[in-house]
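> In order, the protein sequences belong to chains A, B and C. Residues in the first sequence are numbered consecutively from 1, following our numbering. Residues in the second sequence are numbered consecutively from 1, following our numbering. Residues in the third sequence are numbered consecutively from 1, following our numbering.
Be careful, since some hints might not be right.
Pairs of lysine-lysine residues, derived as DSSO-like cross-links and limited to a Cα-Cα distance of at most 27 Å, are as follows [said to hold, decoys possible]:
#1 C:Lys802 <-> C:Lys179
#2 B:Lys155 <-> C:Lys12
#3 C:Lys299 <-> C:Lys382
#4 A:Lys148 <-> A:Lys99
#5 C:Lys79 <-> C:Lys98
#6 C:Lys608 <-> C:Lys568
#7 C:Lys9 <-> B:Lys86
#8 C:Lys300 <-> C:Lys382
#9 C:Lys481 <-> C:Lys234
#10 C:Lys112 <-> A:Lys5
#11 C:Lys568 <-> C:Lys491
#12 C:Lys9 <-> B:Lys155
#13 C:Lys12 <-> B:Lys86
#14 C:Lys568 <-> C:Lys601
#15 C:Lys802 <-> C:Lys382
None of these hints come from the bench; they were simulated from the model.
If you want the building blocks of each chain, they are given just below.
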Amino acid sequence: MKPVKFDYHAPASLDEALALLRRYGGDAKILAGGQSLMPLLNFRLSRPAALVDLNRIPSLAYIEEHDGQVRFGAMTRQRMIEFSPLVARRLPLLREATKWVGHLPIRTRGTIGGSIAHADPSAEYPAVLTALDGEVVARGPKGERVVKAKDLFVTYLTTSLEPDEILVEVRLPATDAGAGFALEEFARRHGDFAIVAIAALVVPDGARCRAARLATAGAGPVPVRLRAAEQILERDGLTDAAIDAAAGRAAELVSPDSDIHASADYRRHLTAVLTRRALRRALRVAHG
Amino acid sequence: MADAVTVRLTVNGVEREGRCEPRKLLVDFLREDLGLTGTHVGCEHGICGACTILIDGEAARSCIMLAVQADGAELLTIEGLMRDGKLHPLQEAFREHHGLQCGFCTPGMLMTALDLLRTNPSPTEAEIREGISAVLCRCTGYHGIVRAVEAAARKMR
Amino acid sequence: MSPTGWIGKPVKRVEDARLLTGRGTYIDDHPPVANLHHAAIVRSPHAHARIAGYDLTAALAVDGVVGAVTGEDVLRHTKPFSVGVTAPVHYYCAATDKARFVGEPVAVLVAKTRYIAEDAAELVRVRYEPLPAVVDPERALEPDAPVLHDAVGTNLAGHRRLVYGDPDRAFGEADVVLKERFRFPKYGSTPIETYGVIAAWDSLEGVCTVWSNFMGPFIMHPLTARVLGLPENKLRFIVPPDIGGSFGIKTSIYPYIALIALAARRTGVPVKWIEDRREHLLASSSGTDRVAYRELAAKKDGTILGMRFRWLDNVGGYIRSPEPGCSFRPTGNFVGPYRFRNLEVDASVVMTNKSLTGPNRGYACGHLYFESEGMIDRLADKLGLDPAEVRRRNLIPADAFPYRTPTGGLYDSGDYQAAFEKALELAKYSELRREQARARAAGRYFGIGLALAVDPSVSNMGYVATALDPQFRAKPEYLPKSGAVDSATVKIDPLGRVTAILGTTPQGQGHQTIVSQIVADELGLTPEEITVVDEMDTFTRVWSISSGTYSSRFGSVGTSAVALAARKLKAKLVEYGAHLLGVPKEQLEFRDGAVRPTTGKGPSYSIKDLAGRAHWNTESLPEGMEPGLQATAVFGFTVSKAVDAEDRVNSSNTYGFIAEVMAVEVDPETAAITILRYVTVHDAGTIINPMIAEGQIYGGALHGLGGALYEELVYAEDGQLLTGTFMDYLVPTASEAPTIDIAHVVSPSPLTPLGSKGLGESSSMTVPAVIANAVSDALGPLGIRITELPMTPTRLYELIQKART
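Bound-form chain A, shown alone (with noise of 0.2 Å):
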């Protein structure tokens, strides 16, 4: 298990990264954290002529928040975002999903960046830039554009990013104080990609719910956002029937796969389950 031989470059700059990208024209590889791309590298299911380190890139790591938005430079570690006070008090919900991300020396390499860029549906970031509707900046050839996060996940491992683009920073808007969240994730082991996982957050109003966000990990080849059970609890609030009826909603708007670890009805059935547990708790999280 040992990767095959390629050209390996560390650029300084993103410029410099892009040129990089240009010049191979597809058959370069973006390497961030690594985490999941070095396993693919070991086993030779990825085999690219050239690896564009952006590890020696010191402008693309960090975490400040903008209007309202916490950004992210792409190449900030999930440990970071772990321990940022910053993330603890406006992004609560992240922090919470970046537990589940592996384990703690996965997360020392990881960076949210590689997360988000990899597009695995199982995962808890996705999830989380769906849940929140967040977005991210891609910079290619021709400069920046900034992509939903609605816009960004095509199927499997896929998103709508050029090859010669790089996912420069992530956005995200920051939590209402007021605000409930809870990720619910339920995997066969622990620090295992979900087998399914919710993710939400919800803004009571007295017994009215403000804003609902619900999406999935893992329920389908990319991450749900759950429209139409948000609303069901914007109309008829956070009480035990809504949330409830949310839950059942939420099964019928996915479209599970089967694999080894999990029958498709299983994670129909699991997404509904979590929906309704993640929304009591978020509840209780916002009554504190």
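Got chain A; can you put chains B and C on it based on the hints?
Frame of chain A, contents of chains B and C only:
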């Protein structure tokens, strides 16, 4: 293409240098080029954790990192855990609580536990289990390891 | 002579200092010879395919490649391995005519580095003609199934019908007859250190030296020598001091020893091969997957009258020795801890296009007890009795030992009632049942499982012949097999330092520590004063075909050899002391590190004193005494006998006992299983080091739990492995591992000098049973009974859904 590159880094406080292909895995570089065979290879896809070392003070898998990426970094491997000829409290505790049998996962387990206790000096049992779930052990059923990390945490606080 | 008390203490391990500091010596750590080259193995991507030819041109042209071997070389230069059945299965160290499972070795590339060897291996072109595949053992026996071995003509590698007592009568007289079908999964204990082999060929001497993390049994040494066409004294096996776990799996490395030795011979350079994880999961070894049909006959009061076992064990593409141990290893303990005398066993060993099988912790006992203990619970259910009560009514009584089972086993000692009651008490069984009633009333799914097992240790090499027909075994040219032997040497050097030398192959069991305790006790020293050298080298160690560290052996047979060697040496010291003092040796004894008068009065000689005199002045020895202070003992069990004409065999030598209670709760929504309480009581005779014993129990239990809930080598219908990475083959982590309440009952073995038995496989064989019973009990209100492992969430969810609709 793929000419050999020079890798300079600090391992266990000593500056080391070697030349290798860019594709060479960090763990292979440590074992083959630097002769540090205490770090073990278990799966080469980042799951078993046997190859875990500290890179700039943080635990990471050396089988899913290229040697060239560690150029300029400061590494701590199992060979550097003892200080002044004495076992580290974690090593002591693993011996005291039978936290190892075959010893193959042990280097990765110790480095993972070290990072865990640095980031969380007073972990609960569940947090210890969660922390060391980063490393697979097939001998101990983890019981002795959990007890050892608990004991070391008390000592290190 | 009374021991001085190190036995029974949790002495800290000698091995730990080196292992905790990165100074272990595993197979991959240090090149034992210069000019090492590295191998990469080309493996079949097809489950079943004829091999029409090879093109190595591109591979051999890669810079740094020194050579290759293919199936053609294997066919030309090696012989097939002997197999444990009479069917003409030609099993070579690599595919020759056909590939019969995905991952089967097809060629080996040798190069300057592993990286280059892998580059070249990718360029080998093998012309395959794919054939239809079969992976299910029942399907494989259908008339239109693809046949793997033309020479055999069927996929049935072997079949035996064994009858003990009068099962037909038992079933005829029964008040209750129960039937069930079970499926046990294919899983392997996947040590974190994979296989490793280094082979060097000395063409002048004609000697092939192989370093490997082979664990024994060393019967595989003569088998391999024969395959390589070598006299046995020209093939040298060396095992490094440290092995990174094995759990039975590294028994099956021996075909790779032959393959890499061949590669070294053909390329003219020493060759090293370290198996990678993908290779390990694809093609190392695992237990069998089994389909079992069980029948149980009982009286109304719960007395079991007899059982029928019919099973199909799936050994994969070839039957590799020591298979069909999968079916016959537990022959002597087929009846477990129960009294019934009537049994029929119908065992089929089936070949399919899956990877090969072999010993895996608990070798075949996990299967056996999963089925048997499941049947006992069904009987309790049927009769409306408590499952504990049904077990009580059938246990072999404590005054029946030594107990001869109907299948030939000789249970050396035990008090099954005491151990079982202790487990129930420790678990607060009655309270658990009340808690269950409350939980059920609240709509929760809470279950309690029980499992009892006889834990066999030190297999008798003779059991494998149970696979052969008695008529075959009766032929004059047939040579019977039996035995379980180990040796040890204890010596005292001129300065009085004591060293014990073993030829075992520990994989984490702490032999050095255990031996230091035993020798310290025997010689009145402290464990730190004993140096233990434990390195296997077939050229320098005393060994036999049963040598090795497997089958829970060391705690029973290895420790016995050590104790006997120390006692022999002690006797020599007494004799020598008597000569020096000019008194009859009966007036002296060895006590507290010295030869002393039994009266306690008069001069004594310390070990150091005697060592100095004996080594420096051989004239001081009594006439006829062999010079030097060393003793080698070879211990063999006399209860190891060949299988008899009625298929009875004492398949192991010492037999421990396990009683377990587990409480679980099943979340009916997610199908998640939570272990609430887990109690295990073991009787392994004298416990030499309780800390190490506890470690073995914890480790064994987690292997059992892995097979019960997480681990399975899953194959698609076309024979492709679907769990070929550690992302899909799920090894339990610390977060899944339960806390265990452990207790011991001690019934010393009358067969071993220390009274000890083996404990290495321990709860690996009971956990599948106890957790399946617990989950069945939890889901009892839904009418669900577990018949198939692993209990994956999907599988449980489907059972729950089906039960509810």
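> Compare the structure with each hint and give your call.
Here's how the hints hold up against the structure:
| no. | hint | in the structure |
| --- | --- | --- |
| 1 | C:Lys802 <-> C:Lys179 | holds (21 Å) |
| 2 | B:Lys155 <-> C:Lys12 | holds (19 Å) |
| 3 | C:Lys299 <-> C:Lys382 | holds (11 Å) |
| 4 | A:Lys148 <-> A:Lys99 | holds (24 Å) |
| 5 | C:Lys79 <-> C:Lys98 | holds (16 Å) |
| 6 | C:Lys608 <-> C:Lys568 | holds (17 Å) |
| 7 | C:Lys9 <-> B:Lys86 | holds (25 Å) |
| 8 | C:Lys300 <-> C:Lys382 | holds (10 Å) |
| 9 | C:Lys481 <-> C:Lys234 | holds (24 Å) |
| 10 | C:Lys112 <-> A:Lys5 | holds (15 Å) |
| 11 | C:Lys568 <-> C:Lys491 | holds (11 Å) |
| 12 | C:Lys9 <-> B:Lys155 | holds (25 Å) |
| 13 | C:Lys12 <-> B:Lys86 | holds (17 Å) |
| 14 | C:Lys568 <-> C:Lys601 | holds (25 Å) |
| 15 | C:Lys802 <-> C:Lys382 | holds (22 Å) |
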